[in-house]
Structure formats: C-alpha cells, structure tokens
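Given chain B, put chain A with the ligands in place with the hints provided.
Chains as they are written, first to last, in the numbering used here: chain B, 1 to 81; chain A, 1001 to 1266.
None of these hints come from the bench; they were simulated from the model. All clues given are correct.
Distance condition first, Cα-Cα at most 27 Å in a straight line; then the derived DSS-like pairs of lysine-lysine:
1. A/Lys1190 <-> B/Lys48
2. A/Lys1190 <-> B/Lys4
3. A/Lys1197 <-> A/Lys1257
4. A/Lys1190 <-> B/Lys27
Nothing here was measured: the structure is a model prediction, and the numbers come from that model.
What follows is each chain in one-letter form.
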Amino acid sequence: MPVKGRIVVDDVFCKGCELCASVCPQKVIQMAPERITAKGYHPAELFKDGCTGCAVCAVICPEAAITVYREAPRARVAAEA
Amino acid sequence: MATLQANEQVVYQRPRALTEVNTHYCPGCTHGVAHRLVAEVLDEMGLQDRTVGVACVGCSVFAYNYFDIDWVQAPHGRAPAVATGVKRSLPHDSIVFTYQGDGDLASIGTAEIIHAAARGENITVIYINNANYGMTGGQMAPTTLPGQKTTSSQTGRDVELQGYPIRAAELLANLDGASYVVRRSLHDPKNIRMAKKAIQTAFETQVRGLGFSLVELLSICPTNWGMTPVESLGWLNDHMIPYYPIGDFKVISALQKETCASKAEG
Ligand SMILES: Cc1ncc(C[n+]2csc(CCOP(=O)(O)OP(=O)(O)O)c2C)c(N)n1
Ligand code: SF4
Ligand code: SF4
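Chain B on its own, in the form it takes in the complex:
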C-alpha cells in the first residue's frame, strides 16, 4: 500500500498560482474551479485520492500556504509476531 497523505491549503494565503499543481508527482492538486478566495483567486485543493504526503508542493509554494500530513508509519510489531 502506498503511503497516505493529505494537504490543507490555507485560503488566506493561497493565490492560485498553480506552482504546487505543476510539481505534484501524483497530479492530485487542482485550482478549485468553483471556489474563490477573499482575494479573488481559485485556491489549490486536493481533487482526488493519491496524495502520498511527499511535500513537494509545500517546497515550491511561495505563500507557505500548504500544511502537509502523512500517515504515521505503522508499528512493525504485527509483522514480527
């Protein structure tokens, strides 16, 4: 099973520049077509499953708008038993 992750984009900071979507290796980020921020931008959002929490989007985001979460690795105890 691939690692599971997710991103949360802060609409206060996001300017819909699309840089995150352009570098996402899983191609799971889009600019929300039907949502608009207070500043008038379509903000970035996850639009399908597949985020691995690699944080490449956060490395390029000029607004530090992205928080990245990843499922913690499971304890190996079960495998040993």
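Chain A with the ligands in isolation, oriented as in the chain B frame:
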C-alpha cells in the same frame, strides 16, 4: 480544517519566523519562496530572536511585514552599509542579513555591496536576481539578459548600446573579504532544496564569525515577464541558467567541511 488526525504526522507547516500576514507579491512570485526558505532556516537554527533584517527598495521593500523579526528598511542600494552599522553596533551574537533585488544590489547599490564584501563584513546577503526591475514596472536591470525584452529595452537588450549583464556572485567572489558566495535557483523543488542548504551555510558563516556571505537566487517575475508562473519557471531554466550558472564561487576552507558534509547528506 488543519487539525491533526490520529495516526498522522505533520510533514510540513508554515515556518514560525513568518508572520501571519498575506504578502503583496504577485501570484507565483518566487520572492515568497525565498522568504519561506530564510524563515525555515531561522527556525531550524534557532536564530529568530536575535536576527535583524535589512530590507531594500524594490518589491521586497515590505519584507519587514512578513518576518517575525526586527527590521530596518534602507534607502535604495544602501542595505549593506546599513547592515554594517547594525551589525557593528549590536552585541556580538546578533545576526544581520540584507534582502536585496538585482536593481537594488547590482545597480544603484553596486558600491555598497562591493565594499561590504571587500571589508569582509560579517553579514549575510540574500540577493534576488529576477532579470528586471520588478516594482517599478519591469524595466531593464543590470542583470537583464542580452536580447531580453523589458519595458525599457523593447526590442531586446542591445549589448552594443546597453552593455553586458553583471554576474554579481562571480564578481564579488573575487574579493578577498568574501567568505561564502554562491548562486542557486528557485525554479524547481530540487533547486529550492539546494538553495535552502546554501542559505543555511550562509547564516552558519555569520554565526561562526567567518565573514561576508551571499546567496544569489535566480528568481521569477511572472507579471513583468508577461508569463504565467509555471511558464516563468521554464523561462528561468532555459534562459537564465545558461548565463547565470548555479555554483559555489567562493567557499573559504573553514567552511568546506560543512559543504562536503551537506553534499553527502543530500
Ligand atoms: C533612490 C531611488 N531611486 C530609484 C527608485 C525607484 N525604484 C524603486 S524599486 C526600483 C528597482 C527595484 O528592482 P529590483 O531591485 O530588481 O527589485 P524587484 O522589484 O525586482 O524585486 C527602483 C529603481 C527609488 N525608490 N529610490
Ligand atoms: S503554490 Fe501555494 S499559493 Fe500557489 S496555488 Fe499552490 S497553494 Fe496556492
Ligand atoms: S512585480 Fe515581479 S518581483 Fe514584484 S511581486 Fe510581482 S512578480 Fe514579484
């Protein structure tokens, strides 16, 4: 919302050294990436409480609103001179850096940056090269490439008339006073990671009292280049990097161990 769920860990979050203020930068402008990297380094090195930034004139003039540290805003090009005064008058463990654009550093501020480097001032310079004057509307800068169209070189920079672009990092690396002078780029995640390592080494140089450090960062200005942010990253890669190669132009021997070590890690 951004709450941690069971069985999850935070892989990346907004650095503490940034304020919760929305920047005035255009969408996609890599000034924001450079800000973020400096803030991450200040966080990781625990320098936030003893760092003073010196802002320049240009799009980054309001940098003082975006970092949760002390700032002075210097007249156009004078940031290295102001930083010299701040650094020399503060207690020894204070960290002082300038954040300057290419119009600021390589044009009106040429004298100040050269002499600060020649004196070996123990300051750090973050130098943003976006090949034009962003704030004033995309005029030709000393860094504008041969043939590059700007609002004041509308048929392309003509080197016969307007001379050749200045490679500031290479120029400053020639000075004996300079300790760490490198160029990095902000056009893709791999290069952004390399840029962060260089910013770390630059601040490390200052913390250890080893003298003048400068990181030139190739940057995009989508608004004045007349491209989308994603197209601009490609333009930087295709046109700027051939003229402004990424590299280490001066690394004094006291720092070379760290540089090798960080290479091995990466
Ligand atoms: C003494 C003085 N001369 C000229 C100006 C006008 N001016 C403001 S910003 C700027 C250039 C900024 O370009 P750059 O340093 O490349 O920064 P960018 O905006 O591209 O980040 C100029 C010439 C000024 N503010 N003060
Ligand atoms: S890179 Fe950042 S600012 Fe740009 S669209 Fe993605 S989340 Fe928004
Ligand atoms: S004008 Fe250029 S340098 Fe200034 S904020 Fe906009 S994109 Fe950035």
